[in-house]
Amino acid sequence: MLTLIDYDAGNLASLEGALERLGLPYRLAQGPDEAGEDGPLVLPGVGHFESAKRSLVQRGWWRELPGMVASGRPLLGICLGLQLLAEGSEEAPREDGLGLLPGVVRRLGPGVKVPHMGWSQVTLNHAHPAFGNPTGGWLYFVHSYALEANEGTILTAHHGRDFAAVEARGRTLGFQPHPEKSGPLGLLLLQSALAWMGATRETTCN
Amino acid sequence: MPAKRIVPCLDVKNGRVVKGIQFKQLRDLGSPVELAKRYDKEGADELVFLDIAASLENRGTREAWVRGVARELSIPFTVGGGVSSAEDGRLLLRAGADKVAVNTAASNRPELVTEMAEAFGRQCVVAAVDVKRDPELGWRVYLKGGTQPTERSAIEWLWQLNELGAGEILLTSMDRDGTLDGFDLELLEQASKLPIPLIASGGAGKDVHFLEALEHGADAVLAATLFHEGILPIPTLKTYLAQHGVVTRS
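Line order of the protein sequences matches chains Y and Z.
Position one of the first sequence corresponds to residue 1 (my numbering), numbered consecutively onward.
Position one of the second sequence corresponds to residue 1 (my numbering), numbered consecutively onward.
FYI, nobody ran anything at the bench for these hints, they're computed from the structure.
C-beta: ideal position from N, C-alpha, C; glycine also.
Be aware that a few hints might be false.
Claimed, not checked - Listed next, the stretches of chain Z that the computed footprint assigns to chain Y, with coverage defined by at least 3 CB atoms under 8 Å from CB atoms of chain Y:
id	region
1	2-13
2	71-78
3	88-96
4	120-131
5	190-197
With the sequences and hints as input, model every part of the structure.
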């Protein structure tokens, strides 16, 4: 079953609604001991890098996540969730990231409105088995910092400069946009990502 | 630059979407969840819900419909109306709102904007500002749903809100609101100098008005009646804007 990491740094209602619409059962886990043995992990997140990290540390996730990933559990970070998976962020220069995705998160701008808030188009950078080619499709973004595009970048978006919209390393994925807030394309990408990560739909007996 | 956004606005009273004429005759348009789904399907880019009768007593009702909307909607939404503390904001965000709009309470106690920006991130904080033009003094801020005039200069207040930590401005021209004569373009031109996104509100009557507002610096355009009554369907508006070179989400 899919595990949604619940650490008081995210708006879970929309994500839960999206999972329900996709017919994907999930459990909410406040700590790693509630995460079961297998199935994909989803790390949502809004807010500040440092306070989100503090909350993950307090609940034991920060220590356990690298081992869970190393033992083969797929992990998807969304928005600030993606940023926490990177090596670090300019939002909290003294703090390390989890380092499960390559690259560093930097502030957007200058020369553009920050936060980057609204619908932007994505462009395919590297093909990935989880996704087709959504180039030209629109996704919803709300963020002031972004992961620099790098060798693990699947989709890029542009706001003043190109940045990573979808990032992957092994079975760890990150979405900078909010797929649960991005209309039909967002739901499709979320479904594709989770299916590739091994999430299964609810089976019924009829 | 992100796509320009089309934003229907829904007034909510006691858990129902209403259409009001001077707050007197209110017509029931349906439940927030039903209308949210309709607009999601129709191609709206975002929704704004304003609780026009917010009170301590109906807080529970509000959280219930906000939660319902969050579960069903696949686009972002803002909730405002009577938000007077960071705690009010926290409850709405926890129920699933993407952003919270503050208005009168922020004017009375500007630190509220900073407190909310620090607690939730400035992208969650929308500063709603109602303004009316004074022939000599320029645009002035009005409070309490536009019923209470102040001495405050609107343009100065917008810059101050940006400094305080607002992530977006929802700017309503009371001179134009309900007139269907078009947005106050001079006002938008002034306000769009701010480094944060601007939602234009008040005066939309037909397609060209949206085009003008977007060409005069608005990042998003808000309307209620035109969309609710189906006078201007959102897909029709988006096609019109595309024909005139304005990019929206398709």
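Hint-by-hint comparison with the structure:
Coverage of a stretch by a chain is defined here by at least three residues with a beta carbon nearer than 8 Å to that chain's beta carbons; for the region 2-13 of chain Z and chain Y the count is 3, and the condition holds. Remark: the region 71-78 of chain Z is confirmed as covered by chain Y, as 6 of its residues place a Cβ nearer than 8 Å to a Cβ of that chain, reaching the required three. Taking a C-beta to C-beta cut-off of 8 Å, the region 88-96 of chain Z contributes 4 residues in contact with chain Y, enough for the three needed, and the coverage statement holds. With a threshold of 8 Å between beta carbons, the proposed coverage of the region 120-131 of chain Z by chain Y holds, since 5 of its residues qualify and at least three are required.
Coverage of the region 190-197 of chain Z by chain Y holds in this model, with 3 residues showing a Cβ closer than 8 Å to a Cβ of that chain against a need of three.
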